[in-house]
Amino acid sequence: EPEVTQTPSHQVTQMGQEVILRCVPISNHLYFYWYRQILGQKVEFLVSFYNNEISEKSEIFDDQFSVERPDGSNFTLKIRSTKLEDSAMYFCASSAGQGSFQPQHFGDGTRLSIL
Amino acid sequence: AQTVTQSQPEMSVQEAETVTLSCTYDTSESDYYLFWYKQPPSRQMILVIRQEAYKQQNATENRFSVNFQKAAKSFSLKISDSQLGDAAMYFCAYRGNTGNQFYFGTGTSLTVIP
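Protein sequence lines, in the order shown, are assigned to chains A and B. Note that the first sequence covers residues 1 to 115 in my numbering. Note that the second sequence covers residues 1 to 114 in my numbering.
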């Protein structure tokens, strides 16, 4: 069964540095998402992406964050000037369509640790 | 904003028994969709079951069923004949009729006791 894959599984970065988290969505999916889960807290929506542009974003997704689909397969989340509070699990997801009943398929996540 | 509450951080069940995980939500929308996701130790979240709010009939997927009470804004998950492989973190999620984002609860960690 097709899966969403994320790399790396664990990323350790010094505070203030930039980090890029990578995702390969399911190949025929058109909608892409990033979520994060701070340890012990709920999964929070960051951003959704369709047709090479952001379709929706949360308050968390400020100028520090950006997303890109650099080619036909990858979907990346860039975090600039990382802060300690950016430490979290970051999940990528994709869905085939926009209908609200469409499930989102999640990757394994990338654990980001900011030192 | 929509909120999803899972009041049981941890639950345990004996193998082959039945367990119910609770979820409540708050919304002003009349049309929406509810989901249960399972996150085993391998970390990937997997869709377990989903429910459309306009449908009164409770969704069922094999050993998994929901008790959807729209007036009470409650969406509990029942797992029958629990198996060791059911051990995981379970997340309840809400999605409105418009927009793309899911709203998740804090999760319930389910332990299955052999």
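Just so you know, these hints were derived from the structure itself, not from any lab. Since the structure is predicted, the reported quantities are computational estimates derived from the model, not experimental observations. Keep in mind that a hint or two might mislead.
To be verified - Anything over 12 Å on all C-beta distances counts as not near chain A; from chain B, calculated: (1) Q14; (2) Q51; (3) K78; (4) T98.
Stated by the list, open to error - As a list, the in silico DSS-like pairs of lysine-lysine whose alpha-carbon atoms are at most 27 Å apart: (5) K57(A) <-> K73(B); (6) K83(A) <-> K42(A); (7) K78(A) <-> K73(B).
Glycine is no exception: its CB is placed at the ideal position from the N, C-alpha and C atoms.
Here's how the hints hold up against the structure:
1. With a least beta-carbon separation of about 27 Å from chain A, Q14(B) lies farther than 12 Å from that chain, consistent with its non-interface assignment.
2. Residue placement check: Q51(B) does not keep its beta carbon more than 12 Å from all beta carbons of chain A (closest about 9 Å).
3. The beta carbon of K78(B) sits about 20 Å from the closest Cβ of chain A, which is more than 12 Å, so the claim that it is off the interface holds.
4. The claim that T98(B) lies off the interface is violated: its Cβ sits roughly 8 Å from the closest Cβ of chain A, which falls inside the 12 Å cut-off.
5. Distance check on the hinted pair: K57(A) and K73(B) sit about 26 Å apart at the alpha-carbon level, within 27 Å; holds.
6. A distance of roughly 19 Å separates the Cα atoms of K83(A) and K42(A); the hinted pair therefore holds under the 27 Å criterion.
7. For the given pair, K78(A) sits about 37 Å from K73(B) by alpha-carbon distance, which is inconsistent with the 27 Å threshold.
Violated hints, listed in ascending order, are 2, 4, 7; each of the other numbered hints is respected by the structure.
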